[in-house]
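Engineer: If you want the building blocks of each chain, they are given just below.
Number of protein chains: 2
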Amino acid sequence: MDNQFTLTAILQRVDVLRYTPSGTPILDVMLQHESWQEENHIPCQIKFELPARIIGQNAQAWQHEQGECVTVTGFLAQRSQRSNRPMLRIQHITKYKG
Amino acid sequence: MDNQFTLTAILQRVDVLRYTPSGTPILDVMLQHESWQEENHIPCQIKFELPARIIGQNAQAWQHEQGECVTVTGFLAQRSQRSNRPMLRIQHITKYKG
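Residue numbers (our numbering), protein chains in the order written: chain A, 4 to 101; chain B, 4 to 101.
Chain A with its partners taken away, still in its complex shape (with noise of 0.2 Å):
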């Protein structure tokens, strides 16, 4: 069952890092994106905001990294047991290189 999301963006609001109680730091964030993407062969301008988050060791190397932009790759997943609007966990994340 696919579901693999790779996505360039800006980190646009960084959380403050916490912690599970087994003690795995979380990270949640915030990702912008924009870009033109071809659809019907005509090119639009996509812009979205998409909750992110980060569970440990990559969420204690990005608690300082709001503003960056960078290439994260992962799966989406219901925000909370609540909520079954998505959101992306991420399992890989490095600065973007243009």
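Be a bit skeptical, because a hint or two may be false.
Each pair may be met inside one copy or between any two copies, as identical chains are not told apart.
In silico SDA-like links for lysine to any residue, alpha-carbon gap of 25 Å or less [stated by the list, open to error]: (1) K50 - R82; (2) K100 - M4; (3) K50 - N87; (4) K100 - S25; (5) K100 - Q7; (6) K100 - S83; (7) K98 - A64; (8) K98 - T9; (9) K100 - R85; (10) K50 - I96; (11) K50 - Y22; (12) K98 - E42.
Just so you know, the hints here were simulated from the structure itself, not pulled from any lab data. Small disclaimer: the values here were computed from a predicted structure and weren't measured.
Got chain A sorted already, so can you dock chain B onto it with the hints?
Structural biologist: Frame of chain A, contents of chain B only:
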């Protein structure tokens, strides 16, 4: 600027086919996804709904396929000019082959 998403999902809802003023067919659908993914070496159950849109010839081809399990690729985009919540613009769609 990367923006590419691949998802296996059920066509939970398929709206009535409509057309742009210039005659391009548009099909709005609701995708329902369920899978297990691995995050920080721990399996987690994923379940969410994502609105999506098919434009062009594929819109006509899929208008009667509600309930079908499909694999789609495309890009995320804002839902409308007023809402920057994301929806999936489907560029390729095929029946899921388990």
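Engineer: Output the numbers, in ascending order, of every earlier hint that fails for this structure.
Structural biologist: 4, 6 and 9
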